[in-house]
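In terms of our numbering, the sequence shown opens at residue 4 and continues consecutively.
Just so you know, these hints were derived from the structure itself, not from any lab. Every value quoted in this text rests on a predicted model; they were computed, and no experiment measured them. It is possible that some hints are incorrect.
Derived pair list, reagent style BS3-like, types lysine-lysine, alpha-carbon separation capped at 30 angstroms [as the list claims (entries may be wrong)]:
no. : residue 1 : residue 2
1   : Lys167    : Lys9
2   : Lys140    : Lys25
3   : Lys53     : Lys25
4   : Lys25     : Lys167
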Amino acid sequence: MTGNWKYLAASKKSCQQTSIPKEWLLNNLPSANELNVLAFPETCGLLTSKEVEITNTHVDVLLKKLASAEWPSVVVTTAFAKRAIIAHQLTNCLTEIFIERALVRASELNSHLQATGEVVGPLHGLPISLKDQVSIKGIESTMGYASWVGQYAEHNTVLVDVLKTLGAVLYVKTNVPQTLMSPETFNLIFGRTVNPSNRSLTCGGSSGGEGALVDEPETFKDAPIGFQVVGRTHEDEAVIAMAEIVDAALKAF
């Protein structure tokens, strides 16, 4: 039985790796000794200048540009997906990665806007990440349990249906501690999610993956907005912010 869970965990991690577009895998990642990686996404060379601009744009402006078709949903989704994959390679913040599915959805939204001149809803074309336990039909929600590998959701949660009705584009799910109720994001399938301000420190929990991905504009900002079931992301972002303060204090000292 012990060997079986290890096999399931390894196979799941392997599947996750194959879900990342090969051209987005970086060979210039910072060394493990480089703890603060907040600036790396914009300097690594994967993002174009337009994609940097898009991913640094506040949500209200982003929604206006999406609604006017100035920035097509496919373009915006691609930009945030690339930045999320960069963040994942730095912090191990993602669980489920379904970018192809997201781009199909984004293309459908583009077509709807072109054909009707109207948005699907107030979140038209906005990429949104979800905490791992939020069920999306056809996608796994292991929550770090090896025994749940291979169990695909048969239906969406209400939250997912609401977000889709509002026009959102779902593209990744984020890491959690096994059983969720822990202030540190670690499980035996996906491993530990670390703090982008200082990768020797925790990113918090239970929404640590969301906290690492959805950060402040001056830092990662690898997703415009993310959702979790319980209100823990601000706690996790507070852990990340505290790490920034400690890091700055140590440098000053």
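Hints, one by one, checked against the model:
1. For the given pair, Lys167 sits about 35 angstroms from Lys9 by alpha-carbon distance, which is inconsistent with the 30 angstroms threshold.
2. The hinted pair formed by Lys140 and Lys25 meets the criterion: a straight-line CA distance of about 25 angstroms does not exceed 30 angstroms.
3. Straight-line distance between C-alpha atoms of Lys53 and Lys25 comes to about 21 angstroms, which keeps the hinted pair within the 30 angstroms bound.
4. Proximity of Lys25 to Lys167 is assessed by CA-CA distance (about 28 angstroms); at most 30 angstroms being required, the pair is judged to hold.
Checked against the numbered hints given earlier, the structure breaks only hint 1 and satisfies all the rest.
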